[in-house]
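Q: One letter stands for each residue in the lines below.
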Amino acid sequence: MNNLSDVSASRIFALLLLLGIISVAFLWTLSPVGSQGQTTFAISLSIDLVVFAMASYIYRKSKWKEGVGRAPLIGGCLMLLLLLYVGLTV
Amino acid sequence: MNDSEDNDQESKGWVERLVGWFDSRLGLSNELLRPAPRYSMNPFYWLGALAVVAFVIQGITGSIMLLYYVPSTTTAYASTLYIFQNVSYGQFLETVHLYTAYAMIMLAFMHMMRGYFVSVHKKPREVMWITGMLMGFVTLGFGFTGYLLPWTVVSKSATDVGIGMIDVLPQPVSSFVSFLIVGTGGDAAELLRFFDLHVVVLPAVLLVLLGVKMYMLETHGVSEPVTGEAHTAERKGKLVPFFPDVSFYLLELAALFGAVMLLVSVLFPLSLAPEYSPAVAGQFVSQPDWYFLWVYQILKISLFENAGLSWALSFVTLIFVILVLLPFLDRGDTKKIARRPIYVTLGLVFTAEVVVLAIWGHLTPGQAVSNTQAALVLGGTALVVSLISLSSYRLLPGRPARETPIALSAPPQPGSGQVHSASAWTSGIFVAVLGAGALSIGGSINSIVLMATYGISVGEVATLAISLIALSAAVVGSSFLLYRLDLGRGRIKRRVKAFEVGWRE
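Going line by line, the protein sequences match chains A and B. Each residue of the first sequence is one higher than the one before, starting from 18 at the first, in my numbering. Each residue of the second sequence is one higher than the one before, starting from 411 at the first, in my numbering.
No wet-lab data here; the hints were simulated from the structure. Small disclaimer: the values here were computed from a predicted structure and weren't measured. Warning: the hint list may mix true and false statements.
Computed list of lysine-lysine pairs in BS3-like fashion (alpha-carbon distance at most 27 Å, straight line) [to be verified]:
1. B:Lys648 to A:Lys82
2. B:Lys746 to B:Lys623
3. A:Lys80 to B:Lys648
Chain B with its partners taken away, still in its complex shape (with noise of 0.2 Å):
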């Protein structure tokens, strides 16, 4: 080592040096996994990741819980029992090993989700997208088979409605999947497979997806970003090495994830409910957990009731097709929000119909919905997200939101942190003033869904009036705010400078 490298040596601080002394002996910084590009060190980027995090939190915890639990019909429920009360930490691993689960599907909708507004089922990530959406399948897979091995009246009813829908599918595909997920012995065999598929065949099948997954990412690298064009070009040609830069990265967001989970868990812990048997299964009625509320509530429309059962299963079984042949469909190629907006408002209705319906479902246990009542929501819905969405859309010009802040109505000087500041507190009053108007379009559905299930109440029609006045304060302060903003490179401010000119004139 020469002089320079010793001097080197010295002036790193003792941390690096350890996590030189690491490097150099694990060999972590071999290029095993390519350097990321620096804009992408921002959790939204890392959705996935985060599934995974949530995956292996369930694999360690699962694993633990497989010591003592016994998956047959008449020690199922005991064995869980034990473990609660019992075994050392039980109850905290059945809490977390439940909120890890749903953390992990809520992940995975975030990520899909996030992966579709940002186009990154374009071209050349298409095989990318459709693993993916088979991890997200596999994944709630992993809820479904999951929530029957307690072996609680809730989650044994629940089951049973799913399994039940397996006769509607067309012959061939319904006697297979009914001899791969029940089997010909009645309960004891359905646990059984539950079990199996639930502890090998998913998480097999999902290392599997994972490692192909991990391979195309290496391959295509990280999605590139789609605003601020002027920021992530300045950084685009900075690259961080995974370890220790992006590991450290990912570690620094699971130990966040890991100890959100652990306060839910301590703030919200699981309790058990009663064990199944067909008396008291009478007594509960059926409803599947949250992340399968949407098809539910689809379910209960009276539209699909009896033979509209296999229509409605049709429906929801099309929606995933289209999600798996998205990179097909929509094959425009701009990956810009700002200039898709079909595409993004279809993404938003979506997203919203699944959100309204979950919660409706959730709000109506075993209620049937007439179709009167889901024309008025589920249109409803559609329609108002659609109007702010195009609104917007209109509204907004047709570029991606400028990095540099502007000047407002005293321009301070360039370079004094005046424009930088007080940008900034503008931007952060639109962000509060975009959040109130989402949470007064959450308000103005959640009165519609209330009003067409439980008829019209002087207090949701005041709700809804309360919550439509307030849209309209957030859509009328939002554009004030824009123009100061002016997010479109001055093109808002010489839009109503010459809308000012033609009304003079």
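This is chain A alone, in the form it adopts within the complex (with noise of 0.2 Å):
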């Protein structure tokens, strides 16, 4: 199967909006000066960026009765955790 079913679209998409929540909430906490602050202040935004994408199509796909498909979702979760990864590294 190259499709989610309808629940584990709503559930992966549940967790999205989570994540985004977050995501912003902790851009606010940042330092605005120094490169460190910045950094992470990019890369949570990014988060942000990646997850709306991700649940726009999400809601695209499911509107359009296509089937949500699992590599696009599966690409987005590996762009979120290169996110992640360069956020702790750089």
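Combine the two chains into a complex, taking the hints into account.
A: What follows is the structure, encoded as structure tokens:
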């Protein structure tokens, strides 16, 4: 099966929303001065953007009744992992 | 509201109800923008939209920087440094501003080349193409004028080289352009005019052109697909409304683009070059930013030195004029890539030459290019790309690729998923082999460029040999996979069978 079931898609959607909210809340706790604060800000904002794109993808595909594909979501998760890795190492 | 509408509302998820709430209050789906065909939900159709997203990001970051930047020769560098060191997220803002500018230029170029290959310049979109080309020139103008503003030794020296070329232009044009961008007051007037062009004139011109292009997009709609006839015919009748479908899709693309830009900004933060002064300038080699490197490399060819400079500029101008007037030059009826071998090959050669010249210019700052080197590198690149392109046209049948996967050696049951899976794997390997082939072409051209520039060495000869072997393997491998996939509705297999029969007889 290349597509997720509706229930799985809904659960992932909810998780993405949670991650987005946490990420936005985290943005406001950062110090704006210094390169470390800037890096964390950029990474956190990137995570928000990727989360939004993934949630929008789930919404759009569900609306079109085409089935939510696994590959784009796995790609999005890999992008999130890359961002977290960069955020922790740079 | 009747019962059926109530049930309909209840059956919708909360996200759809939320979107519907906004739509009913703001009238977002009231045919403000026309619906888009379903097949256009593909990033390649929206490269221009992504360039606009980059422009918007630049507008936001640039507006914040305007609060601190002071455009005078004594304060430009200091204020830029102040933004870097003292403004909250200042370095981040500068970096994102620069990288989105680069992305905007790259996206505009990709948008233009994609349009060229899929014939969007043909009837009825001729004026749309010309408007897009003008927008491309404005985008390059943004790059040229913005490069000077930090007043670093690198940016000022490179800009002076560009300004120096104005004198080569014919007299009335030279005086007008000189007055327009330099004025008569030396460095101070030059900086102020560049600043004015960058933050007022060019954005205004771009917005007007964008409005014209959007109007024409609304008039003519999204361009028709040029491949996969069967697949798109099935979906051609399907239109999706601009809100929420197309707008959400565009927001997805914009969000991913923004995320990538932020990631690149974190990984490669901008560092500021030293401040410009005539004394420091002598220690640096003047070199334009990457998007003008291909022009810079043409100007360095010995043939175009001194008096020949006007010929070089005429040549570059001719390229731009041809691109603008393309709708009136390429007037064939067909838009299919498979049926335009000459124009597609010319487009591939042009793209390859621009890339090779830019990389070559980057590798050899300030070094003159002999006529022999130029002929070898540019001629070699054109020859390699033309041969590959025209060979592909000979190998591939003159029809668009079929969408339906075909049976492989052991015919599986239709509808079992086995056909699709096997074909998908073969297609994946085919794409990987093509990628390896492209890398091999790049490696070969790189070796030729390095040998032409620095002389022949054992290492480069070995690299060239390995690249050519890899290229040959890629050609053989892709031919085999092409036979397995048989993209031409069985024509390749029939040709091979006919060849085998003829051989036996």
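Q: Each hint needs a verdict: does it hold in this structure or not?
A: To see whether the hints hold, each was checked on the structure:
1. B:Lys648 to A:Lys82: holds, 13 Å
2. B:Lys746 to B:Lys623: holds, 24 Å
3. A:Lys80 to B:Lys648: holds, 14 Å
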